[in-house]
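Participant: Please model the entire structure based on the sequences and the hints provided.
2 protein chains.
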Amino acid sequence: MTQAVQDASATEAKAKTVVLSVDAMGGDKGPATVVAGLARFLADTPDAKAILHGPEAELAPLVTKRRIGDRVTIRDARDVVKMTDKPSQVLRSGKETSMWSTIDAVKQGEADVAVSCGNTGALMAMSMLQLRRAEGVKRPAIACLWPSRNPSGFNVMLDVGADIRAEADDLLAFAMMGASYARNGLGLPTPRVGLLNVGTEEHKGRAELKEAQDLIVRAAPAGAFDYVGFVEGGDLPSDRVDVIVTDGFTGNIALKTGEGTATLISTLLKEAFNKTFLSRIAALLAMTSLMRLRRRIDPRRVNGGVFLGLNKTVIKSHGSADETGVAAALSLAYKLGASGLSERVAARIASAVVLAQDGLTEDAENRARAKEEDPQ
Amino acid sequence: MTQAVQDASATEAKAKTVVLSVDAMGGDKGPATVVAGLARFLADTPDAKAILHGPEAELAPLVTKRRIGDRVTIRDARDVVKMTDKPSQVLRSGKETSMWSTIDAVKQGEADVAVSCGNTGALMAMSMLQLRRAEGVKRPAIACLWPSRNPSGFNVMLDVGADIRAEADDLLAFAMMGASYARNGLGLPTPRVGLLNVGTEEHKGRAELKEAQDLIVRAAPAGAFDYVGFVEGGDLPSDRVDVIVTDGFTGNIALKTGEGTATLISTLLKEAFNKTFLSRIAALLAMTSLMRLRRRIDPRRVNGGVFLGLNKTVIKSHGSADETGVAAALSLAYKLGASGLSERVAARIASAVVLAQDGLTEDAENRARAKEEDPQ
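Line by line, the protein sequences are chains E and W. Numbering-wise (the working numbering), the first sequence opens with residue 33 and increments by one. Numbering-wise (the working numbering), the second sequence opens with residue 33 and increments by one.
No copy labels: a pair is met if it fits in one copy or bridges any two.
The list that follows gives simulated cross-link-like pairs (lysine-lysine, DSS-like), each with its CA atoms no further than 27 Å apart:
{"no.": "1", "residue 1": "K242", "residue 2": "K170"}
{"no.": "2", "residue 1": "K367", "residue 2": "K170"}
{"no.": "3", "residue 1": "K242", "residue 2": "K118"}
{"no.": "4", "residue 1": "K61", "residue 2": "K302"}
{"no.": "5", "residue 1": "K127", "residue 2": "K236"}
{"no.": "6", "residue 1": "K114", "residue 2": "K242"}
{"no.": "7", "residue 1": "K236", "residue 2": "K61"}
{"no.": "8", "residue 1": "K236", "residue 2": "K114"}
No lab work stands behind these hints: they were computed from the structure.
Facilitator: Structure follows, in structure tokens:
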């Protein structure tokens, strides 16, 4: 398929209605905030609909107030997964929760993508149980967008916390999944993939990373990505790479360190501008520029960890997301639903498994490529 | 010993001359920058002297030009460790290098602390070979200062790259060493220690971290620190904790991620202020406040990774350090040399080993405490 034909089919895909399955419960700010975010998202996205999960008596007035009843179906669920619930306990007794219902709608094919602000561990456990891992995936991963110097403004990093460990073959699967996400979510035809390590030299770092590197180098042609080698923490916000692959322990710590550093700097910046009368005037004059910067690095804009490696796409929104954050997570869900990400990722991983079995022939590469481009 | 007596002996310790052993070579900017930084440091610190290592013919004119010949002894060393040299190769053939000579002066007792801008791996390998690990230390660690919301403006994090692995007992040693560093470097009598993990809940994270936590909890009274529990990436710049303990792989990635994020934001901030005529005027008005913020988060101010767990203290300055950066690393070295850090750390670790053998009795705690407070 040529690039032009691919672009045309992407446009066509966007024209169909995308249905999002939205968990109204479990966020720190309650269902009113989720419904407000949903209303804002729907106003911006005419060809989207939603199934909203939670206690009907609580949700119906919120939906009526926002006047989105014609595009939102409420599905009654009386229980809520709490932030303190353990995943194992939720799997045993959580079938009446809004979270379970949210994933179920995707499983049944009624919706394209699931979105929840709730407990990450519980959401991953329920998603794995209901949606199952894609063929060839041992460990699913959570991918996040990271503000960067790249033209799109973002890099993809995974895993940021689905699992605390990853073997070499998991890191290979993450590379394939991350590249598909960057292709469909950021519109990059051939994403550049890097493996996070403590040095870019060949002799540095953990042995399992060298093994993973060998696997990723071999898979790059079939995965339709460029492998750029080891990258360091300092490269996360750079334009050297589009997809950063790491285990969930390291990725989670890097993600939270980056967020913490950004928060510290913006607090100090605010204090600096409040210090003197002159600096307060300066802040007024620079308002537009500062707001532009703020939007650029606003964590709410990049809200949404994407669960990859399952048979359907699930998005975890920040528990503390406000209306803007919820709307951002829903927009991301819409984009990935419209591009058919989950089918593409599944095809890509399955092809990697086929390749590993067949050995890497030119023919196999072409088959794999054709399979992702036309998942039907 | 009472707090007052301790304070008095600290003042007394500061009155004696501290001799720094300084590697003039190996930095990206060459020996002229190191000598310039040394001159600035000496001007600010009347009771310090230095032994400067490198090719005498090259260094003598630089020292004369800066008029610091009366306080600086040049020690001729013809070879230089390059950034690309492998540690193993340097250990075999590096005895004529300025780096070897720098560490040797500390080993021979001619200087109190060694400072080098050179190759980290080579510096650690040579330091371990010449200075030997302190009793009870299996893996030395590199500690860095991290800008934070704490009153001192900094937290201590270790290990940030000495070794890519750490077992539970290494993490215990890091906690002891980091607490001693915070006590002597930041002046905190009872530092708060946290263990870096992906969640603060007891059931989250890697099994070896839970094991390390048990060891650290038991050692806290003898180590004269408070253990605050698991901390997350977002806590690194916070005021919840003073010392963050982690393995060298995770610590290095967190350090570089934090630096990269800070660099991205300051670049974007500069761009925002250059965008319009109005914002340029605003930048002028806010100059003082912005410079204050810049100084606060300037990585050059926190220059200097401290090698802990050896019988003497070695400081690794950033390879790209400029005059300000070199002076900052030398000031840190002076402070640690004046406080007798290496002796205190060694005593502290040795006491932990004793405690582990004896079991934790009130008596043993007191012995350990007395030993650190009065290392002679």
